[in-house]
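S.K.: Sequence:
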Amino acid sequence: MENMQDKTIRELAKNCQTVEDVHNLLKNLFKNTLQTIFEAEMDAHLGYEKHSVEGNNSGNSRNGFSKKAIKTKFGQTELKIPRDRNGEFKPQIIKKYETTSNQLEEQIIAMYAKGMSTRDIEDHMRDIYGIDVSATMVSKVTD
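For any residue, its number in this note's numbering is found by taking its place in the sequence shown, counting from 1, and adding 176.
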């Protein structure tokens, strides 16, 4: 039985005609995954999801993005790092002054390729990066 990730990969691969198409697909997949993780980290930091009424008058809220360029195996990628009004948010997946993502990149691609469960990804992030993420957060990222 084919899992959802396999079906998604198969659908995405239908549009790939060349090695460059595959390269661009992986670059976009990696970038979108990181963006989703940044948003999930911000949700966890603030204690509520984007546009949630729980955030009204909470004392801290989202405050746009800052741009960050990182070097990956797929070339330079520009990311939007979320900011909070109090300036307290510190992303964990790519630290503030990091400009490369080689190890992280390999791990994310490996997680997608292996079809890991949310618990496996949660354990993996904790073991490799020292990042405590909940299974719920991992589920949001992998959906």
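Hints are computed from structural coordinates only; laboratory data are not their basis. Worth double-checking, as some hints may not be accurate.
As the list claims (entries may be wrong) - Cross-link-like lysine-lysine pairs, in silico, DSSO-like; alpha carbons within 27 Å at most: (1) Lys190 <-> Lys243; (2) Lys243 <-> Lys226; (3) Lys226 <-> Lys249; (4) Lys272 <-> Lys190; (5) Lys226 <-> Lys190; (6) Lys271 <-> Lys256; (7) Lys249 <-> Lys271; (8) Lys190 <-> Lys266; (9) Lys190 <-> Lys244; (10) Lys226 <-> Lys256; (11) Lys266 <-> Lys247; (12) Lys272 <-> Lys203; (13) Lys190 <-> Lys207; (14) Lys203 <-> Lys183; (15) Lys266 <-> Lys183; (16) Lys226 <-> Lys203; (17) Lys203 <-> Lys190; (18) Lys207 <-> Lys247; (19) Lys271 <-> Lys183; (20) Lys207 <-> Lys271; (21) Lys244 <-> Lys271; (22) Lys290 <-> Lys243; (23) Lys244 <-> Lys256; (24) Lys226 <-> Lys266; (25) Lys207 <-> Lys226; (26) Lys266 <-> Lys203; (27) Lys183 <-> Lys244; (28) Lys256 <-> Lys203.
These numbers come from a predicted model, not from an experiment.
S.K.: Each of the hints needs a verdict: does it hold here or not?
M.R.: Hint-by-hint comparison with the structure:
no.	hint	in the structure
1	Lys190 <-> Lys243	violated, 32 Å
2	Lys243 <-> Lys226	holds, 19 Å
3	Lys226 <-> Lys249	violated, 31 Å
4	Lys272 <-> Lys190	violated, 36 Å
5	Lys226 <-> Lys190	violated, 33 Å
6	Lys271 <-> Lys256	holds, 13 Å
7	Lys249 <-> Lys271	holds, 18 Å
8	Lys190 <-> Lys266	violated, 38 Å
9	Lys190 <-> Lys244	violated, 31 Å
10	Lys226 <-> Lys256	holds, 15 Å
11	Lys266 <-> Lys247	holds, 20 Å
12	Lys272 <-> Lys203	holds, 21 Å
13	Lys190 <-> Lys207	holds, 20 Å
14	Lys203 <-> Lys183	holds, 19 Å
15	Lys266 <-> Lys183	violated, 34 Å
16	Lys226 <-> Lys203	holds, 26 Å
17	Lys203 <-> Lys190	holds, 16 Å
18	Lys207 <-> Lys247	holds, 11 Å
19	Lys271 <-> Lys183	violated, 32 Å
20	Lys207 <-> Lys271	holds, 15 Å
21	Lys244 <-> Lys271	holds, 11 Å
22	Lys290 <-> Lys243	violated, 31 Å
23	Lys244 <-> Lys256	holds, 6 Å
24	Lys226 <-> Lys266	holds, 17 Å
25	Lys207 <-> Lys226	holds, 20 Å
26	Lys266 <-> Lys203	holds, 24 Å
27	Lys183 <-> Lys244	violated, 32 Å
28	Lys256 <-> Lys203	holds, 15 Å
Checked against the numbered hints listed earlier, the structure breaks hints 1, 3, 4, 5, 8, 9, 15, 19, 22 and 27; every other hint is satisfied.
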